[in-house]
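Chemist: Combine the two chains into a complex, taking the hints into account.
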Amino acid sequence: MRLWVLILAAIILSFISLFIGAIDIKPADLLDWDSQQAQIFLISRVPRLLAIILAGAGMSIAGLIMQSLSRNKFVSPTTAGTLDAAKLGILISILLFSQAAYMQKIIFSFVFAFAGTILFMQILDRIKFKDPVFVPLIGIMYGNILSSITTFFAYEGDLIQNINTWLMGSFMLIISGRYELLYVSVPAIILAYLYANKFTVAGMGEDFAKNLGLSYKAVLNLGLILVAIISTTVVLTVGVIPYLGLIVPNIVSIYMGDNLRKTIPHTIVLGVVFLLICDIIGRVVVYPYEIPVNVTVAVIGSLLFLIMLFRGRAYAK
Amino acid sequence: MRSNIVKLIVLAIIGIICILLYGFYDIKGGFDYAFPRRMMRVGAMVVTGFAIAYSTVVFQTITHNRILTPSIMGIDSMYEVVQTLIFFFAGSSSIWVVNQYLNFTTALAAMILFALLLYRTIFRADKYPIYLLLLMGMIIGTFLGSSVSFLQVLIDPVEYLSLQNLLFASFTRIKVELLFIASIILLISFILGYKLLHQLDVASLGRENAINLGVNYDRLVMQVLVLSSVLIATSTALVGPITFFGLIVANLSYHFFATYRHSVLILGAGLFSVIALVGGQFLVEHVFEFNTTLSVIINFVGGIYFIYLLLKESRAAG
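Top to bottom, those sequences are chains U and G. Take 1 as the starting number for the first sequence in full-length UniProt numbering and just add one per residue. Take 1 as the starting number for the second sequence in full-length UniProt numbering and just add one per residue.
Careful: at least some of the hints might be erroneous.
[Stated by the list, open to error] Among chain G residues calculated to face chain U with C-beta under 8 Å, some are:
#, residue
1, 95
2, 140
3, 143
4, 147
5, 150
6, 303
Calculated from the structure, these hints are not laboratory results. All C-beta atoms in this analysis are idealised placements derived from N, C-alpha and C, irrespective of residue type, glycine included.
The following block holds chain G by itself, in its conformation from the complex (with noise of 0.2 Å):
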């Protein structure tokens, strides 16, 4: 335990130093005008950093696997689709989209009720392998994504264009309007989220288990996927869907510390995200100046991972 809190506090020594270097690099002339708005790009890789660690190690962990995340099971699609399915229905300046908080509520009922279904159908029944699973959950998400594409083609095009505005998000285009909330709701949901962590440790035994141990396990699944879904539909909302990168860190915190709590395994991937994402993000502007996006890069490194993980699984399976 006591060797997991140094590494702890390295990671998060490494993670402020990657925040000054990002803040500071190269920062001639304009500091007023360029501190603040790097801080603003760092405070929303932090928030996204830490709900999409958070959001990832726990379905992981109710769905006993390592390997299925919840955007590649498509839950961050669904924003879109919902998004998309607003603006045809309803049009741009229907109360809809009009209220952002109307809007952002819709969307996050929409993607809890998608992850309970899926949960009901596909986990719970126990009945797929796991590789089933996950090629389900990519034909889904492409499927949500082309059927997205289908529908913004029949917009018209006015309307298509503040679709896009509100959909368009990437680390470099980030939403600061919504930084500010974003906070807030990842503050609360981990106020809230963090008297279920023990239940989480308790739960990775397995249902029986946990059920035996006075974990009211049903309850608990419900708890976790609609917190998930809340911090998933938030970072969607802020950066934009970022496939592999819950799987990369979620991983990476369970190799490096070597435990079953939560607690650790949460702030660990959350530490390992800011790294990544703070660190990735100098890295592409600064020394390679490159003009990639980030999400390319993570895209391709997750995409690598991914295989050597499957080809690990599938050694042990065979």
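Looking at chain U on its own, in the form it has when it is part of the complex (with noise of 0.2 Å):
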């Protein structure tokens, strides 16, 4: 596939996701700029496209550092606890100050996703077996279990319906000044870019990576904490949303191979690509409503990782 049919798919998917709503506007309505129309489309259609396409191609490229960083195209925000550990660190942070500030909540969850996945990585150093199907499971199972410790202490501080907001990853409510948070990540898909090949080399572990004169540690660290930053702007401002960075990054691996100075245009583009497909089937659905998009990836995503993992066990290794 060539980036630019995935660029015209984006822009074509783009000005549809900017027409369908609640309210009917047409393009023709935007050349009177005081007109009701024009400014829903400024406050809410323009954000949410935005915030669509700076979440689809942030998740993607976390999910594509931590495979490369790990060796293991199944680990993602998603199956190694990052996005849970987000949610409990703004849970913590609610629960410590009664009116927890924007700030702190920034602050908490970034610490505890780059916390959680820290710890998710040392222990995957210390398994010894590394099945590539191993290691999900764990990941898969660590983020359950800090999410149960999340609804443990919802529960006891009568936050559930609380937490069940970001647990809903949805656009619904993106407007302008509600989202701007998420440009952070742009700078962090940048020095994705610019640190790609690092990434590359740390993945093939420690000693070799030293050996070639790289600053192991410092690199991991960078990466780890590029991905903590894109999945707290994503968990705060739009929800969690399951999926996106382990599927994307894998399927631009199966057509383009592994060079990520080539997979990363493709990988932000098919991120935001899949995301805004999603968004526009939650929303045509069930017209005038709207089906959050964390259900709409949720169920194409799970299907196209259940593919992937019926007939693709050799292609993992």
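Modeler: Listed below in structure tokens is the structure:
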């Protein structure tokens, strides 16, 4: 698949995304900047599109970074507890400061996402038995344990409803002023591109990386910090979007191979296209209501993942 | 063998103590009100405990492993899928919902089919290693679960309320009207299943050996799958899905009674279930006074235990 085909698809889907919604907006309405339609377009539709693009690109890149660092195709924010740790962080910031400010939530969520992923990577190092399927299995369970801790404290603090709003990933509530945190992932993505080759080398293992003159610990930490930043910003603004970081890099890797410099642009655009499709489906099926995007992503994502598992055992190695 | 009988008796006594504690602890004033209600819950927990214990142990015997359980493979999610589909296509006032027996039988039929399909496609062939099966099971569970939520959003809100009423069961919201039917189903299954126990003892030697020793293996597998689907359907309808519970009690039983006899293993796992459920509920409600449901704690403990088992297995394999 050529990159320009993907980009063309992304542009067409973006255009569709801009003009779907409860209020009918036609391109002609935008000529009159003071009209109600134009206002809605600027306050709701454009921010929504930008949020989808940023979240889709960010989560896919986060998955790609994790997969090259761990050299395992099935490691991603969903299958390594990163997203669950970020949720736990938000919950603890709410429990500690009864009216947690936005900044406190960001810091806690980031620290937990980072520490949680590091802890998982440590567990991975201890495991001698590196079956490619074994790792995500442990990761999913690890996420479930973190998540049950979150549920436990949420019950104690009467916050179940509150956490359920971030359990649900959705672009419904995105309007201008509520998504700008996502721009933080732009420098993260650029850094990921610049360091792509180093991530690959670091994935070869500590000894190998050191032999090539790479500061292994620094590169590993940088990669995980980028993953934690992206995950935190997405969980805080949109909610949890599962499977994206798992599916998209794998699809790209199937048709493009594993040269990160080449695959990063494809991963970004495919992530955007995938998320746009899911969001559009969710908005069209029960129009004028909406199905939260995480549900659509989970249905399509888990199905694709299953197909990959059934046919791709040789490929995963 | 005799030491195992002693162990079973000790477990049974602990179980009875748990039940008495749960029944009588801090029961001020409204004895007539509280006691029957507590006993109803105890009844449901006993039925669920034995149902899960039986289905997990026999499932693990015919699949030759000690990590996979029916609920990890997503068989109990099938119950929710069928109920949601019924509401989606037929609606809450259709005969499929109004007639409780028809409703239950439909769900049951689908679960049995799903269990057979799983067995035929991925277990029987022996081509997938155990970790892949586990991961597939989990992802199948996620897929079914998220498809259910997808359909539930599409259902008319009024219909959805009655669907939720049907699906939303837990240890604190046990469906008492189902308890009677569930106990009868459990009793019949155990009487029918009793005859299978000796065959299962032989089946744990592996398919070829069992056939050599005169067991009609394929028929046995069929009977066991049907029977455990019935029990899973019953317990899911009664208290909702509890993913890791079967895993914990079955493995406790394997370690505690070093035997291959299914009568002992199943009884032991059942008693462990009763102790864990009733004792756990007692601790949650009266000692710690948590707001949390028992399932959250079971999932936490079960999750850690599951990772421990996986790591142990992986050391053996690597």
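Chemist: Evaluate each hint against the coordinates.
Modeler: Against the structure, the hints come out as follows:
Below 8 Å, beta-carbon pairs count as interface contacts, and residue 95/G has none with chain U, the closest being about 27 Å; its hint is therefore violated. Interface hint status for residue 140/G: upheld, as the beta-carbon distance to the closest one in chain U is roughly 7 Å, under 8 Å. For residue 143/G, the interface hint holds, since its Cβ comes within 8 Å of a Cβ in chain U; the closest pair sits about 4 Å apart. At a threshold of 8 Å, the smallest CB-CB gap from residue 147/G to chain U is about 5 Å, leaving the interface hint in force.
This hint holds: residue 150/G has a C-beta 5 Å from the nearest C-beta of chain U, less than the 8 Å allowed. Nearest Cβ of chain U to the Cβ of residue 303/G: about 4 Å, under the 8 Å cut. The hint holds.
Checked against the numbered hints listed earlier, the structure breaks hint 1 alone; every other hint is satisfied.
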